[in-house]
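**Q** Read off the chains here:
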Amino acid sequence: MSAENKPLPIIEVVNLKKSFGRIQALKGVSFSIGKGEIVGFLGPNGAGKSTTLRILSGLIPADAGEAKVCGVDLAQEEGLVRNHIGYLPENNPLPEDLRVIEYLRFRALLKGLEGSRLKERIKVVLDICDLERKISERKIGNLSKGYRQRVGIADSLLAEPRLVILDEPTIGLDPHQSAVTRKMMERLRGEVSFLLSSHILSEVEACCDRMIILSHGQIVAEGSLYELQKRFVNKTIFQIDASGNKIDIQKRIRSIDRTCELIQDDPVEVSGKRRYNFSTEQGEQIAERIIRTLLEEKNIRISGFQIRRPDLETIFLRATKKNWEKHDFLNRNKI
Amino acid sequence: MKSFYTILRYEIFALFISPSTYVAAFYFLSLLAIGFRFFIETFSNTDWLLPPLSSLVVGLLFGSPALIPFITMRCFAEERRLGTLETLFSAPVSSWTLVLGKWFGCFVFFLIISTLALCYPLLLIIMFPEQGSNLGFNEIENWIGSTLYLLIFGATFIAIGVFSSSITKNQMVAGMLTFTLLTAYLSIMVFSFGNQTSNTYYTISQKLSDGLFGTYINGLDKFGQFSVGLIDLSTILNQLVLTIFFLILSTIQIERLNN
Numbered sequence: 000m001s002a003e004n005k006p007l008p009i010i011e012v013v014n015l016k017k018s019f020g021r022i023q024a025l026k027g028v029s030f031s032i033g034k035g036e037i038v039g040f041l042g043p044n045g046a047g048k049s050t051t052l053r054i055l056s057g058l059i060p061a062d063a064g065e066a067k068v069c070g071v072d073l074a075q076e077e078g079l080v081r082n083h084i085g086y087l088p089e090n091n092p093l094p095e096d097l098r099v100i101e102y103l104r105f106r107a108l109l110k111g112l113e114g115s116r117l118k119e120r121i122k123v124v125l126d127i128c129d130l131e132r133k134i135s136e137r138k139i140g141n142l143s144k145g146y147r148q149r150v151g152i153a154d155s156l157l158a159e160p161r162l163v164i165l166d167e168p169t170i171g172l173d174p175h176q177s178a179v180t181r182k183m184m185e186r187l188r189g190e191v192s193f194l195l196s197s198h199i200l201s202e203v204e205a206c207c208d209r210m211i212i213l214s215h216g217q218i219v220a221e222g223s224l225y226e227l228q229k230r231f232v233n234k235t236i237f238q239i240d241a242s243g244n245k246i247d248i249q250k251r252i253r254s255i256d257r258t259c260e261l262i263q264d265d266p267v268e269v270s271g272k273r274r275y276n277f278s279t280e281q282g283e284q285i286a287e288r289i290i291r292t293l294l295e296e297k298n299i300r301i302s303g304f305q306i307r308r309p310d311l312e313t314i315f316l317r318a319t320k321k322n323w324e325k326h327d328f329l330n331r332n333k334i
Numbered sequence: 000m001k002s003f004y005t006i007l008r009y010e011i012f013a014l015f016i017s018p019s020t021y022v023a024a025f026y027f028l029s030l031l032a033i034g035f036r037f038f039i040e041t042f043s044n045t046d047w048l049l050p051p052l053s054s055l056v057v058g059l060l061f062g063s064p065a066l067i068p069f070i071t072m073r074c075f076a077e078e079r080r081l082g083t084l085e086t087l088f089s090a091p092v093s094s095w096t097l098v099l100g101k102w103f104g105c106f107v108f109f110l111i112i113s114t115l116a117l118c119y120p121l122l123l124i125i126m127f128p129e130q131g132s133n134l135g136f137n138e139i140e141n142w143i144g145s146t147l148y149l150l151i152f153g154a155t156f157i158a159i160g161v162f163s164s165s166i167t168k169n170q171m172v173a174g175m176l177t178f179t180l181l182t183a184y185l186s187i188m189v190f191s192f193g194n195q196t197s198n199t200y201y202t203i204s205q206k207l208s209d210g211l212f213g214t215y216i217n218g219l220d221k222f223g224q225f226s227v228g229l230i231d232l233s234t235i236l237n238q239l240v241l242t243i244f245f246l247i248l249s250t251i252q253i254e255r256l257n258n
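Listed in order, the protein sequences are those of chains R and H.
Here numbering that gives the first Met the number 0 is used: position 300 in the first sequence is 299, and no number is missing along the way.
Here numbering that gives the first Met the number 0 is used: position 118 in the second sequence is 117, and no number is missing along the way.
Some hints could be false.
Said to hold, decoys possible - Derived lysine to aspartate or glutamate pairs resembling EDC-like cross-links, with alpha carbons at most 20 Å apart:
(1) R:K144 - R:D96
(2) R:K122 - R:E136
(3) H:K1 - R:D240
(4) H:K168 - R:E89
(5) H:K168 - R:D96
(6) H:K168 - R:E136
(7) R:K297 - R:E312
(8) R:K16 - R:D265
(9) R:K297 - R:E221
(10) R:K250 - R:D265
(11) H:K1 - R:E113
(12) R:K272 - R:D240
(13) R:K229 - R:D208
(14) R:K34 - R:E159
(15) R:K144 - R:E159
Stated by the list, open to error - Some but not every residue of chain R turned toward chain H, in silico, with C-beta under 8 Å:
(16) S56
(17) E65
(18) G70
(19) R81
(20) Y86
(21) L108
(22) L112
(23) G114
(24) S115
(25) L117
(26) R120
(27) G222
Please keep in mind that the hints were generated in silico from the structure rather than gathered at the bench.
We treat Cβ as the ideally placed atom computed from N, Cα and C, and that holds for glycine.
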């Protein structure tokens, strides 16, 4: 696609800054999100995730920088952006006394829906969020955390937004409830852009196209999981399930690849077999040669071979570690 | 405008499903009814110069520190406690619309209670037309003046309650603050009652300042005029300014919270 034909990004942020008193929450954040993308916003507590999300939702103004959401410049028309987005705040505060259906009707009216469209949209979001009729008649105060979260997400989807911002949507949910949230995002993939912040890295890994890692008000990493793996973890890890002498296996492997090292001294026993983890600087291409060599060896029996990719947790820890050590509690650079 | 109506409807609905407002309204109206009956029975023996209808308005006004906190205490304090204020602002709604919608919702509830209270003299006219007529309950100008006075002061008191609710997360604190502010305001009016010098001895600047600001403290003196149907525009204007002042303060507070 040529640059001229490229669709306008849903979110375009350039050098965004925000301070709360002496604390610098954001120190020049820049990123963009395309149409239909699902982007995970990661970072340790106090990294500035919620602040960024609240600025993008038009709830608080930025001190400096430029932010455009759905083509709306936040500095000039802060309130207008709320017509285009759905926002689920952290902890999902909801009125306890209202029934689900009453609450959604109230929210739909506030968002400018009326008549048949209002009824239709409520029906659609109840369906998307798996809120059956019986639940929709119950008071929000009597709902479980999972259902409350679904009500919050249903609210964020009411006005057919082009962008949905979810601040910790799966916090405190059981795996089944988290799967419902994931399913909902999968269902809307391509139609709606999602920007979600989360501490549950497996969640983000499972459903996001791209991740942005924030630490101390700065973006420390950005890209797809594969790109981040390549950038932050230089070594490739092989997992070999084998019966045989540890020294023999190590010797054979090192005869092919001198950089290959056994990660832990004592291999883990898995169903009668030993599991060895090796790391190499040669990359994945060396794997085939290693397998062939080991298979040729008579006193070594291979029952499993796997190239292990570093998970998001490893990437997250590596990406934020350096930045974490450099800052004090006021988010200032340590001298 | 549409979001104003939505918030107004939501606020009235929330008041109607809240048990505390029912309890407060029931006790308030019951006590007012007992007081009104006692006053009417002993009216001929009192030296009350104003029409008997005014006694009901005075009762409503001086009873409002016990009623208004129950109406207004939850409007922002509850939203702040639950954190739903942020959710509200994620929809296209401004702080001013929100404050105005909530204030008007509370005011409508106050109107309902006032209307119920004003039903007492109406019932008296229907059940005992002769006695009602002798007491002046059929004089329309008394009704218009007294009701208008009640409405303008009710609007101010509700605005004070909304402001108190916006500055704390705790409903009880909001209620107590409203009670204190309203009691203080009524006390100032009571202590200033009858201190007004005759207009004849006023200089022009004194007349101007009295017209502009006088009724903030001399509101009870003006009640004499209202109760017989003489509408004092400066009183209406002063209370309107005070109402807007407290609504602006509430808006500033809500904006501040949001940032």
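**Q** Indicate, hint by hint, whether the structure satisfies it.
**A** Hint check results:
1. R:K144 - R:D96: holds, 16 Å
2. R:K122 - R:E136: holds, 13 Å
3. H:K1 - R:D240: The hint is violated at about 67 Å.
4. H:K168 - R:E89: holds, 18 Å
5. H:K168 - R:D96: Since the Cα atoms of K168 of chain H and D96 of chain R sit roughly 17 Å apart, the hinted pair holds (cutoff 20 Å).
6. H:K168 - R:E136: violated, 29 Å
7. R:K297 - R:E312: Violated, at roughly 38 Å.
8. R:K16 - R:D265: violated, 49 Å
9. R:K297 - R:E221: violated, 46 Å
10. R:K250 - R:D265: holds, 16 Å
11. H:K1 - R:E113: Given pair K1 of chain H, E113 of chain R holds - Cα atoms ~10 Å apart, limit 20 Å.
12. R:K272 - R:D240: Holds, because 6 Å separates the two Cα atoms, which is no more than 20 Å.
13. R:K229 - R:D208: Distance ~16 Å between K229 of chain R and D208 of chain R Cα, so the pair holds.
14. R:K34 - R:E159: At roughly 14 Å apart (the allowed maximum being 20 Å), E159 of chain R and K34 of chain R satisfy the hint.
15. R:K144 - R:E159: violated, 24 Å
16. S56: holds, 6 Å
17. E65: With Cβ-Cβ at 19 Å, over 8 Å, it is violated.
18. G70: violated, 16 Å
19. R81: holds, 4 Å
20. Y86: With a closest approach of 4 Å, the Y86 of chain R hint holds.
21. L108: This interface hint holds because 4 Å falls under the 8 Å limit.
22. L112: violated, 10 Å
23. G114: violated, 13 Å
24. S115: At about 17 Å, which exceeds the 8 Å cut-off, the nearest Cβ of chain H leaves the hint on S115 of chain R violated.
25. L117: violated, 11 Å
26. R120: Violated. Min distance 14 Å.
27. G222: It is violated, given that the least Cβ distance between G222 of chain R and chain H is near 29 Å, above 8 Å.
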